[in-house]
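As given, the protein sequences belong to chains A and B, one line each in that order. Under this note's numbering, the first residue of the first sequence carries the number 8, and numbering increases by one thereafter. Under this note's numbering, the first residue of the second sequence carries the number 66, and numbering increases by one thereafter.
The set of hints was computed from the structure by calculation and includes no laboratory data. Incorrect hints may have been included.
Calculated pairs, DSBU-like style, for lysine-lysine (alpha carbon to alpha carbon, straight line, at most 30 Å) [to be verified]:
1) B:Lys77 - B:Lys148
2) B:Lys148 - A:Lys166
3) B:Lys256 - B:Lys77
4) B:Lys181 - A:Lys166
5) B:Lys256 - B:Lys148
6) B:Lys256 - B:Lys175
7) B:Lys283 - B:Lys77
8) B:Lys175 - B:Lys148
9) B:Lys139 - A:Lys166
10) B:Lys77 - B:Lys139
11) B:Lys256 - B:Lys139
12) B:Lys181 - B:Lys256
13) B:Lys139 - B:Lys175
14) B:Lys148 - B:Lys181
15) B:Lys175 - A:Lys166
16) A:Lys166 - B:Lys77
17) A:Lys166 - B:Lys283
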Amino acid sequence: MRNRILFTLQFLFTLLVAAFLAVPAGLSIAAGVTVNYFRGLQSGVTLQWVAQVWDLYAGTILASIMIALGTLAVTLVVGVPAAYALYVRGGRLARLVEEIITLPLAIPGLAIALALLLTYGGFGSFRRSWLFILAGHVVFTMPFMVRSVMAVFATIDVKSLDEGAASLGAPPWRRFVDVIVPNAAPGILAGSLMVVTLSLGEFNLTWMLHTPLTKTLPVGLADSYASMRLEVASAYTLIFFVLIIPLLVAMQWIGERGQSR
Amino acid sequence: MNMMTRHGAALKVENCGKTFADGTCALARATLDIAQSETLVLLGPSGCGKTTLLRIVAGLETPDSGGRVLFDGKDLTRQPIEKRNVGMVFQSYALFPNMSVADNIGYGLKLRGLPKTERAARVAELVALTNLGGLEDRRIDQLSGGQRQRVALARAVAIRPSVLLLDEPLTALDAALRERLRGELNDLLRKLGITAIYVTHDQAEAMELGDRIVVMRKGAIAQVGTPREIYFTPANRFVAEFVGAANIIEAPIESGELVLPGGRVPVSGRDAMSRAVAMVRPETIMLADAATAGLAGTVDSVRFAGDRQRIIVRDAASVPLAVDAPNTVNVSAGERVGLSIPPAAIRLLPEED
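Only chain B is shown next, with the shape it has when bound in the complex:
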């Protein structure tokens, strides 16, 4: 991995917003730096502006005046997509049905005037890289969803783009395939070492693929950080709830302890607050003896998930708490349980909205 070569451009998105002709603001002015060979994931629910931001980088949308897009310091804001040398994987793949797999992959090279033999060599290289061997002469409508996805990727990478842009590339596939291809895609991105922007609404994809994640909401950036930062120290309630499962507890803090209906839990950082908003991940809460634990509640339901079980505990906090317990623990609904939460696992969130 250390031997990895770095490819692609360093990108800068400066002050880019997008207001459409009818007045709707799809994207509030945003500024982002993307390092060379970094994979940046734009994560958020539909309508959060992530695709608009990607399309601005691609050159498929122009930002509102004042916004700039720089590739390696060069201002390309006014250049259309065909002059930006980007590789793009569309959600619908946008493969050309009138061309074979090989011709699809080679189309960008043909446009660049690459001689036939070199073109064939490069296409063969990509066919091998994306495991498409034997399918070169197939028509697009003879391919499975996963194969199409790989052709789209090979076609985008073939032109040695400055940046690889992926717009929900796995969304059209079924769950099992999506998970497998996610792994393949991750390996490929690391192997290529190319600058990439990846748009998704799936937080698991974002965590696995992203060097950094930009969480977006309602056209604005909610948080930028590494997957660990986003997961462990979400900047606000939206990020905490959107990325992974989270218990959001509203309660006062008195003498360094969160005061809950089912007991008291020590927190670090604040001594007193009339109303704190705290996030606790289900896997950080541990079951304890109800008699001795500082916090106790009643088991409401147990959802067995194979590798673990999620236990919903009521009466401990103002909202039912989700607790992830090992699959060997034996509790049942109605049982009284104690809960122990390490102070480090409690993150106080800023008040908002």
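Just chain A, with the same shape it has in the complex:
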């Protein structure tokens, strides 16, 4: 009986915490499809705000998707081989490099952005292009890719696999393609989803780096919050949710599948 009460209390508390987090998100989404937020839902449900957001900000949404995919491509092409090299090589130098790659995790995005601006601000065409944002995102997301790939390396005993393939006559690139990548696939996938998610949602760094012509979705969000009516800003949030939630769910799913194996 006492257990029953305890359970009920815990359950209610959990619900309360969940509600505390979920209700604002729900309200925000509701606001995005309400005709007039101040009159509430009885004013009617509409997609006009979503349409308006699309008209105004389609560019930023597409830009964000392109940058996220670009960031993913770079972190895959650079990060996975780097993780392989660092892991198989080992030693003090490898650890140092790993630390340096990981540094952006600890440094505020604003500081990274400032450093990038100070260093490359003078290269006008680079500064003004999408590549500048892309570079920032790569710096910011690289540790997540390298870390999650290295984590999976540790669980599959990559060193032995590498030596096994080498003993059969495989040069390094064949070992990488035939053995390392296929067996590290779960980690690479997890890293990829994280990179895309982080890139899509990145605000700090991008806000510093962007120009009026290179705006991403979150920067556009801030813009709309500041200057548009609440319903439009909320509709924008709704679009962001639609983009990001499936990625988060996929990440969770892959994580769980990885653990159960």
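Starting from the known structure of chain A, fit chain B onto it as the hints suggest.
Frame of chain A; chain B shown alone:
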């Protein structure tokens, strides 16, 4: 057995040592010759340098400068493992989980550009040789430990390597399986007639599989010899104690006899020594009548082991003596027994450490 064909290269390890970056010396400079189609076993406790030596031969470690590794007289010291054509069986097997059994076995052949049909034929040959029939399409994680071990072996042998290197291939298996596979492995090595280096810490494995055994200790070679030489004439106390059971007795020798607390025992070779170190294997000591035997002691305990019994006798020598007696002998603790040791069974060891 006489019809056996010889395969593989003759190996020479010349002056190879290994000092790691942090200054620890894993292997003192060692020189070894391995004949074509010989099975050489590197035996020793963990940390003795046996795996380091194997990895130097494999090309997974480079020896300290001055060391050379020769395959059939050709210096391959600077070649990485993928250019040495070695077949290696790892302790963890290092099988590729993303490939089927057949693809694992065929991977080395694929790298060598063997056409698909020839590859399939060779894989089938090895599947038959290692009793893996019916498992070709299985995934690695669907195999038992013993099956994995055989896949690793088949994969290593498939490429017709110059030398087969085995790094504790049976250690990951449970005792009963280990014993069975040891026999299978022995048959296979003889059938293949390939040069092989086998690393183990298990002396029973070493005795059964090795044409010669290299006993190693603390990064150095303690003795090289055939299993019989190692067992019957160990070069020093470490080898005597590591390989098989041994009674090590320290006592003076006077007029050709070992002087022990429980009596005197004739030895051959030395007439007088103030302090000799003698090794006697338990199975060479025989129980005798306590009244007439030159050496006597008291039974401390009897451990029945089925096929024989080990009797611990105290007061005969300065240390309790282990004696292996037939399982029919009836003695019990506290009983007075005589011991007889043939002079040939006593081996004097050099003083050391």
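Against the structure, the hints:
no. : hint                : in the structure
1   : B:Lys77 - B:Lys148  : holds (17 Å)
2   : B:Lys148 - A:Lys166 : holds (18 Å)
3   : B:Lys256 - B:Lys77  : holds (23 Å)
4   : B:Lys181 - A:Lys166 : holds (29 Å)
5   : B:Lys256 - B:Lys148 : holds (26 Å)
6   : B:Lys256 - B:Lys175 : holds (25 Å)
7   : B:Lys283 - B:Lys77  : holds (22 Å)
8   : B:Lys175 - B:Lys148 : holds (15 Å)
9   : B:Lys139 - A:Lys166 : holds (28 Å)
10  : B:Lys77 - B:Lys139  : holds (9 Å)
11  : B:Lys256 - B:Lys139 : holds (26 Å)
12  : B:Lys181 - B:Lys256 : holds (26 Å)
13  : B:Lys139 - B:Lys175 : holds (26 Å)
14  : B:Lys148 - B:Lys181 : holds (22 Å)
15  : B:Lys175 - A:Lys166 : holds (21 Å)
16  : A:Lys166 - B:Lys77  : holds (27 Å)
17  : A:Lys166 - B:Lys283 : holds (25 Å)
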